[in-house]
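Put together the whole structure using the sequences plus the hints.
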Amino acid sequence: MNEFVERLISFGWREPRPSYDVVIIGGGGHGLATAYYLATRHGITNVAVLERSYIGSGNSGRNTTVIRANYGIPEAVRFYQHSIELYQTLEDETGRDLMHLQKGLLWIAHSELGVRAERARAAINTAFGAKTEFVTPEEIARICPQIDLSGGGVWPVQGATYHPEGATARHDRVVWAYAEGAMRLGAHVHQRTPVTGLLMDGDRVIGVETPRGPISAGVVMSAVGGHVSGLAAMAGLRLPIRSHPLQAFVTNHYQRQFDPIVSSSDLLFYTSQTPRGEMLMGAEIDRQPSYSYRSGHHFIQQTAFRAITLLPFLRDLRVLRQWTGICDMSPDYSPVMSATPVEGFYVTTGWGTWGFKAIPAGGEGMAGLIATGEPPELIAPFSLDRFAKDRTLADRGSAGTH
Amino acid sequence: MSLEIDCRQCGRRPVAEFMFGEIPRVPDELTDPDERDLDRAFMHENAEGPVTERWFHAFGCRRWTTVERDTRTDEVIGSAQSPGYPVER
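For the protein sequence lines, the chains are A and B, in the order given.
Position one of the first sequence corresponds to residue 0 (numbering that gives the first Met the number 0), numbered consecutively onward.
Position one of the second sequence corresponds to residue 0 (numbering that gives the first Met the number 0), numbered consecutively onward.
Please keep in mind that the hints were generated in silico from the structure rather than gathered at the bench.
Some hints here could point you the wrong way.
Stated by the list, open to error - Here chain A is said to cover these stretches of chain B; the calculated rule only asks that three of the stretch's residues, wherever they fall, bring their Cβ under 8 Å from a Cβ of chain A: (1) 10 to 21; (2) 68 to 75.
Said to hold, decoys possible - With the Cβ distance kept under 8 Å, some of the chain A side facing chain B (calculated, not the full set): (3) Arg-241; (4) Tyr-290; (5) Gly-295.
Said to hold, decoys possible - Just the calculated beta-carbon pair ranges, DEER-fashion: (6) Gly-20/B / Pro-163/A: 40 to 48 Å; (7) Arg-255/A / Ile-22/B: 47 to 55 Å; (8) Asp-200/A / Arg-39/B: 24 to 32 Å; (9) Leu-7/A / Ile-22/B: 51 to 59 Å; (10) Pro-136/A / Arg-39/B: 40 to 48 Å; (11) Thr-30/B / Asp-200/A: 22 to 30 Å.
Glycine included, C-beta positions come from ideal geometry on N, C-alpha and C.
Right under this line is the structure:
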């Protein structure tokens, strides 16, 4: 398939109805996947997805498309492994080429402490269903010959975990495939429809206010990325979320093939090659909570320095473009997929820097929660009341990078 | 241009030299002590607009300073040095 396949996708835009069974706020991956799985798995099609800009314009279009399951706690490993498996069959299920490519992921350790952390990661992944193994520097050189094992003489490579199911996919196409699939079965997607308020009946959410008129709903779900605290405040709800900018950049074309995704916790950066041949690089979130999409030179400088330490060939490339997304960080670095104390209001948030890989499993889980009223087993630990119950899911495997 | 924090001692310095410190605000409507504890431990205002916050100049004078910043634009709109700004807490 070629790039022009986008033109063949048939979206069925319609005018909003005054009332829906389910209104989903946020037309990104998670919102559209929830609509898709409500339609395909539960036969609920009287659903509207409201997007304030165009679909996939928020974090779904700004992430670095890494799909992996090598997390650090049992609940997360099971959840993300299920998501990996859904991604692997998503092209067949939706009939769309998502440019899903299994690349393998190397997570490099440069110190004794790092080696211990990676061995622990491999053990917990293997125990809970993800394929991760510890590899020695010799094996790393075979998997990725471009890596400088001396780490520029400063950060010697001591070992790594190899996660063969690590993959990437084209983010726009994932969003479009879910939107198309949901709309084909009768769900509505309304672009340029911001939610300006929530309609309340006492303590219960009964609809949303939009510039195109009020829309009443049996259930309202927030799949908002970046602005969820303001939306929850409309329902009188406080969330354990702080929104931080996360930057990334790509270089110009690297003329050889670079197979794996390479990460390093010690150096705090990761890189992979896009289908266009560009080297895509990211690092950690900015330290100030902010809604500004401004990118900084400081980030390029720091990340480029770290990347060149491990992958010297990168020094010959040039930075092509840089962008920023707004990440909703939860205190324990795990997502929140849950009903809330406000009746009729559900949230899927806290997707921090790990939202894209979770789109299929997160959407499927939220669809199950809305359709049955009970959280499916995979997402039950990620409820909002875990903070009050002292059941937080602190996950060192998520690292706040990708 | 990355964000610059207006330090009380050192003037405007890059944000990378600082550590962030939120001023937690538990809403007055919450009266139950357990709920107030929970809110103080985990919940955030996460406001979109002007916020007052504390920054620790870790790679500098190692003192705290107070800054008012607009989270929509990352513009510093007030700091401990601004005329008429409330005295440091």
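Please name the hints from earlier in the document that this structure breaks, with their numbers sorted from lowest to highest.
-> none
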